Amino acid sequence: MARFQILSLIGGGIRGAFVVSYLRELERRIGRPIAESFDLIAGTSTGGIIAAGLAIGMSTDELYDFYANHGEKIFSPREPYRAKGIMRLIFPLADRVFRWRTGGHLDAAFRARYCPFALQAAFDIAYGDRTLNDITRTRLIIPSVNLTDGEPHIFRSCHLPRAVHEKDVKISDVVIAATAAPTYFPHRRIRGRDYVDGGIWSNDPSLLGFAEAIRIQRLEQINVDHPIYDTDRIHLLSVGTGKSQFSLAPPGADAGLLYWAPRVAEVMGTSQTQGVHLPLKFLLADRYEHVNFKMREQWPLDATEYIPDLFEMGRQRAEQNFQIISDRFLDHQASRFTPCTTNEGELDLDEFGFK
126 MARFQILSLI GGGIRGAFVV SYLRELERRI GRPIAESFDL IAGTSTGGII
176 AAGLAIGMST DELYDFYANH GEKIFSPREP YRAKGIMRLI FPLADRVFRW
226 RTGGHLDAAF RARYCPFALQ AAFDIAYGDR TLNDITRTRL IIPSVNLTDG
276 EPHIFRSCHL PRAVHEKDVK ISDVVIAATA APTYFPHRRI RGRDYVDGGI
326 WSNDPSLLGF AEAIRIQRLE QINVDHPIYD TDRIHLLSVG TGKSQFSLAP
376 PGADAGLLYW APRVAEVMGT SQTQGVHLPL KFLLADRYEH VNFKMREQWP
426 LDATEYIPDL FEMGRQRAEQ NFQIISDRFL DHQASRFTPC TTNEGELDLD
476 EFGFK
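Each number in the numbering used here corresponds to the 1-based position in the sequence shown with 125 added.
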């Protein structure tokens with residue numbers, strides 16, 4: 126197996142603006158599409174937005190403009206919730222209590238807080254009618270959760286036979302499903318199944334990318350009697366959306382829904398990301414690099430007011446470590462893959478990942 130490079134883009138809502146700006150500065154300095162340096166791009170949630178864009182040939186300038194022009198629009202508040210029946214009498218008081226305890230409106234207890242139509246419009250503009258079968262520049266994986274079947278799910282370009290049955294799924298639908306963070310946006314229905322944000326189980330998709338590289342290698346070696354799974358040629362660059370130094374002090378001896386509702390998503394996402402670094406360092410050693418920034422405070426997924434700050438931090442971070450990243454990752458030229466046209470021939474690769 127030749128050198129195989131993975132770009133992993135972590136979830137984090139609007140903080141993906143840091144990732145876009147970071148990659149944009151790298152791309153500006155090397156003078157060619159950064160996607161050409163990676164054989165596989167993995168992206169969760171907001172990272173999936175960027176990963177999909179790179180995989181279909183969008184420049185980082187275009188993705189930068191997408192976040193600048195649509196970032197705030199995506200988080201468009203919905204019309205106020207209209208309570209019915211007896212709830213009309215008690216809703217105003219209950220809403221005040223809910224806001225006092227959680228900082229959010231009680232509307233969010235009954236439906237997702239943001240309008241899905243702005244999200245749909247933004248992604249339709251960005252990706253058009255392109256499907257997973259249209260991706261040939263580099264391999265792509267985007268994790269999600271299949272609510273209907275109750276299992277994790279990975280949307281893929283057609284680099285593995287198992288992806289062929291989804292080849293006609295629109296990329297805009299995939300990205301909407303992969304960014305449908307519970308309580309923020311409604312779930313997405315695709316081919317009779319409901320999906321939500323992959324950040325629930327894989328906010329940092331780096332380990333998925335590593336497993337996918339082994340599956341790709343096994344497919345390439347399928348005709349060898351005793352294939353050797355040499356991981357020494359796998360290199361991985363991970364870009365984060367802020368390192369949160371959270372410190373919580375639950376009230377009293379116990380805490381329930383009112384305390385955890387506004388906090389659990391951030392704790393889960395941050396903890397998952399932190400938990401990925403140790404095994405990757407063990408598996409890849411100096412072939413793994415993680416780029417991130419320390420958040421000065423807790424920036425929620427919808428903190429659109431920080432977009433300019435995130436853009437600037439991304440640019441500065443790329444400026445600071447460009448030479449290191451360039452020497453280790455950006456001289457590689459990934460070869461384009463030939464999309465699979467049939468789902469036959471993969472045999473039993475289930476041991477290496479989810480569907």
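Read the hints as simulated data drawn from the structure, not as lab findings. Values in this document were obtained by computation on a predicted structure and should not be read as measured data. A virtual CB, placed ideally from N, CA and C, is assigned to each residue, including glycine. One should not assume that every hint holds.
Claimed, not checked - Listed next, with one range per pair, are the computed distances between beta-carbon atoms:
hint, residue 1, residue 2, range
1, 221, 158, 47 to 57 Å
2, 393, 242, 40 to 50 Å
3, 377, 261, 53 to 63 Å
4, 242, 273, 17 to 27 Å
5, 261, 186, 45 to 55 Å
6, 187, 463, 42 to 52 Å
7, 261, 437, 28 to 38 Å
8, 250, 368, 56 to 66 Å
9, 374, 466, 50 to 60 Å
10, 222, 448, 26 to 36 Å
11, 406, 198, 32 to 42 Å
12, 357, 463, 20 to 30 Å
Broken hints, by number:
The structure breaks hints 2, 5, 6, 8, 10; every other hint is satisfied.
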